[in-house]
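There are 2 protein chains.
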Amino acid sequence: MKNFSFKVIKNEGNARIGVINTLHGAIETPVFMPVATRGSIKTMSSIEAKELGTQILLGNTYHLYLKPGDEIIAKLGGLHRFMNWTGPILTDSGGYQVFSLSSVNSKKSLAKIKEDGVEFKSYLDGSKHFFSPQKVIEIQINLGSDIMMPLDVCPSANASKFEIAEAVRLTSEWFVESSKIYKKIKRPKGVLFAIVQGGTHKDLRKQSFLDLAKHNPGGFAIGGVANAGESKSKQQKALQATIPLLPKDKPRYLMGVGEPIDILDAVSCGVDMFDCVLPTRVARNGTVFTFNGRLNLNNAKYKLDNKPIDDNCDCVSCQNYSRAYIRHLINVDEILGIRLTTIHNIRFMIRFMDSIRAAIKKDNFDEFKNNFLLKFNQKF
Amino acid sequence: MKNFSFKVIKNEGNARIGVINTLHGAIETPVFMPVATRGSIKTMSSIEAKELGTQILLGNTYHLYLKPGDEIIAKLGGLHRFMNWTGPILTDSGGYQVFSLSSVNSKKSLAKIKEDGVEFKSYLDGSKHFFSPQKVIEIQINLGSDIMMPLDVCPSANASKFEIAEAVRLTSEWFVESSKIYKKIKRPKGVLFAIVQGGTHKDLRKQSFLDLAKHNPGGFAIGGVANAGESKSKQQKALQATIPLLPKDKPRYLMGVGEPIDILDAVSCGVDMFDCVLPTRVARNGTVFTFNGRLNLNNAKYKLDNKPIDDNCDCVSCQNYSRAYIRHLINVDEILGIRLTTIHNIRFMIRFMDSIRAAIKKDNFDEFKNNFLLKFNQKF
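From first to last, the protein sequence lines stand for chains A and B. Counted from 1, the first sequence has number 77 at position 77 by our numbering; the numbering is strictly sequential. Counted from 1, the second sequence has number 144 at position 144 by our numbering; the numbering is strictly sequential.
Errors might be hidden in some of the hints.
Because identical chains cannot be distinguished in the list, a pair is counted as satisfied if it fits within a single copy or across any two copies.
In the DSSO-like style, the derived pairs of lysine-lysine whose C-alpha atoms are separated by at most 30 Å in a straight line are [what the hints assert, rightly or not]:
(1) Lys369 <-> Lys67
(2) Lys186 <-> Lys214
(3) Lys10 <-> Lys232
(4) Lys303 <-> Lys42
(5) Lys303 <-> Lys135
(6) Lys361 <-> Lys214
(7) Lys50 <-> Lys161
(8) Lys232 <-> Lys248
(9) Lys301 <-> Lys42
(10) Lys361 <-> Lys375
(11) Lys206 <-> Lys186
(12) Lys42 <-> Lys128
(13) Lys362 <-> Lys42
(14) Lys237 <-> Lys42
(15) Lys2 <-> Lys375
(16) Lys362 <-> Lys186
(17) Lys361 <-> Lys112
(18) Lys121 <-> Lys301
(19) Lys232 <-> Lys42
(20) Lys307 <-> Lys50
(21) Lys301 <-> Lys75
(22) Lys183 <-> Lys42
(23) Lys184 <-> Lys206
Since the hints were made in silico from the structure, they are not lab data.
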């Protein structure tokens, strides 16, 4: 059995629908991948994730390596069995977490980048650890990932061009190592993607892509866009500097982007895969998404509101509970409150991606996008 | 439609099985009532509670009065609609919480008992409130309770006989007021129980019962047993001082007791109803119940244990997840961990009560009890 394939089914402009095949089943793209950082989408079971229509989950290499440990998970039969999730799993490289979680109490990342990897302190207990490109592949093999990411250097949002160039150089060198060890592994294994870095600089993005493409990765991830963060124009620039370089016959994965509006923009550029903690994180603060805009359930006006979050939604929350009830639960810190908003937002993301694919199929993605934007930007 | 009835189906010694009928359906007794303090069994939805076989939920008058407020719940259509729970609901009087939650930072309760009710400070913001017997009934009418409890005085575990006698006197006087206002209410309403106080003193228990019985309450609750707390012999003594007084044709409710071993003892004395936060509280600390004993999943020996909590359990947790996985989730503070243990423990309590009823039906309750005790006291 082939461990990975990708096929574009149809284009509308640069936007496209396609199918990815993995060792654990097929995925229709464009796809949103909910994040199960430590083996669970926060508050949710794998059974519930499946019921909501989740096609593929993302697991965090950094967190699972630290606890319970990738070797423990391997002994227990791998991450799929551990979580009781039979669908595909993508694991990240841990690079982003190594850099971002090491800088909690400091503006500068405390991770030490060396030629052969990165030294960092655990966010849990401060203990020292070292990730090399090889180590990160080994961990993901232990987890039994279907789509693996190589260790990369994630420059900060305000890095200089010199720093970004250095990040590109090391990311390329590490990918040579990642590919080498990946090819050596004999057991059934997932596919290895490459991560294109280079910030908003066209020349660096091109350099990064050319370095990586030599090794024929299964797909390309676009790095350093989510952490461009606050500035939308930077995000756009980074995306536009990268997408035209990428081959049409491989999936394109925009890491860390999950704001519906950003997803629409990226899909129209030709991106196929997304992940982000945003929909679940805002859910835990009481913000829920609908096709008519977003609601903050903490707002006092929902106190006596017997309507569901969204009349048109088929999720357990909307079929059974009112805004007033969920508002109350969040207000008194009852876990069920943030469970119900999380379930709703994940179901929204699934339905949102379903609608995007349906629109591309019918050649009316642009219309769908414009209509969606008109409504979604309102808060009500 | 009659708002309440009770029928004993069969006896085995003093133990008995029966059926309670309420405005929201029938309940087979002996029954365990999971506690949905603030409108949710902690971590769990009403849909899940139903799937687990829950027959009746308990809601806390004190908590719901403070937040979101009983008037808000009334405007939203009552507690059943608010929670989307179509089965029966019992609400407590709030008395126990008034006395116990007012003493958080002090050994003595800060609640001020007056002749016409009790003044207390909110555990949420320190604001002053007053519960009279009338007020407590009005709140429960607003909630739409099927089984209501009257305001009572709950003496502390180490109260003197004089203090307990005073508690009995006021509880009786307050019940006169509770009955008066209860009878005046014209709309469909749940039944009103009475609460027998009197500590471990036979004479005081008798006095309490005689005072209350005059008003012909729908059932009798046995108060002041759970807060006798640590001492099993005190619990036993209080129970044995009360049960022989109670009429056979009315349900008997032992408030705040949920330890399986205590339930067995009480069932053999003839108790029909139980509630307690114990099974859900210990679940959140990683302790789970099985018919072969209890497990603490925090124990390192479960790190590589791919077995479910209980091979013989049909709950979502046991059908899908391993001890090692749940242990990991609790270890890293993932909410799903305590959800899975809560689901299991509630399902255990339901199955435990099912087994008790089945045993009484077959006249082998004593045998069941002895076998259960042999195994349940082991930890493994």
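query = When no copy is named, should Lys42 and Lys128 be tagged within, between, both, or neither for a Cα gap of at most 30 Å?
reply = within (27 Å within a copy, 37 Å between copies)
Open item on the list: One pair to classify: Lys361 and Lys214, alpha carbons no more than 30 Å apart. Within, between, both, or neither?
Closed with: neither (33 Å within a copy, 75 Å between copies)
Within, between, both or neither: Lys206, Lys186 at alpha-carbon 30 Å = Classified as neither; 32 Å inside a copy, 80 Å across copies.
- Task: Can you give me the call for Lys50 and Lys161, within, between, both or neither, at a CA distance of at most 30 Å?
- Result: neither (43 Å within a copy, 59 Å between copies)
My question is about Lys303 and Lys135: at a cut-off of 30 Å on alpha-carbon distance, are they close within one copy, between copies, both, or neither? Only across copies: Lys303 and Lys135 sit 23 Å apart there, 52 Å inside one copy, limit 30 Å.
One pair to classify: Lys183 and Lys42, alpha carbons no more than 30 Å apart. Within, between, both, or neither?
neither (34 Å within a copy, 49 Å between copies)
Note to self: At most 30 Å between CA atoms: does that hold for Lys10 and Lys232 within a copy, between copies, both, or neither?
What the structure shows: within (28 Å within a copy, 72 Å between copies)
Exercise for the section: Measure nothing new, just compare the shortest in-copy and cross-copy C-alpha distances for Lys301 and Lys42 to 30 Å and report within, between, both or neither. Expected result: Classified as both; 27 Å inside a copy, 25 Å across copies.
Worksheet entry | Alpha-carbon proximity between Lys362 and Lys42, which holds within one copy, between copies, both or neither at 30 Å | So Lys362 and Lys42 fail the 30 Å test inside a copy (35 Å) and across (45 Å) alike.
Quiz item: Between the shortest in-copy and the shortest cross-copy C-alpha distance, which are at most 30 Å for Lys121 and Lys301: within, between, both, or neither?
Solution: Answer is between: at 27 Å across copies they meet the 30 Å cutoff, but 45 Å inside does not.
inquiry  = At most 30 Å between alpha carbons: which applies to Lys186 and Lys214, within, between, both or neither?
reply    = Result: close within a single copy only, 22 Å intra versus 83 Å inter.
State whether the alpha carbon distance between Lys232 and Lys248 is at most 30 Å within one copy, between copies, both, or neither. within (25 Å within a copy, 73 Å between copies)
Violated hints, listed in ascending order, are 1, 6, 7, 11, 13, 14, 15, 16, 17 and 22; each of the other numbered hints is respected by the structure.
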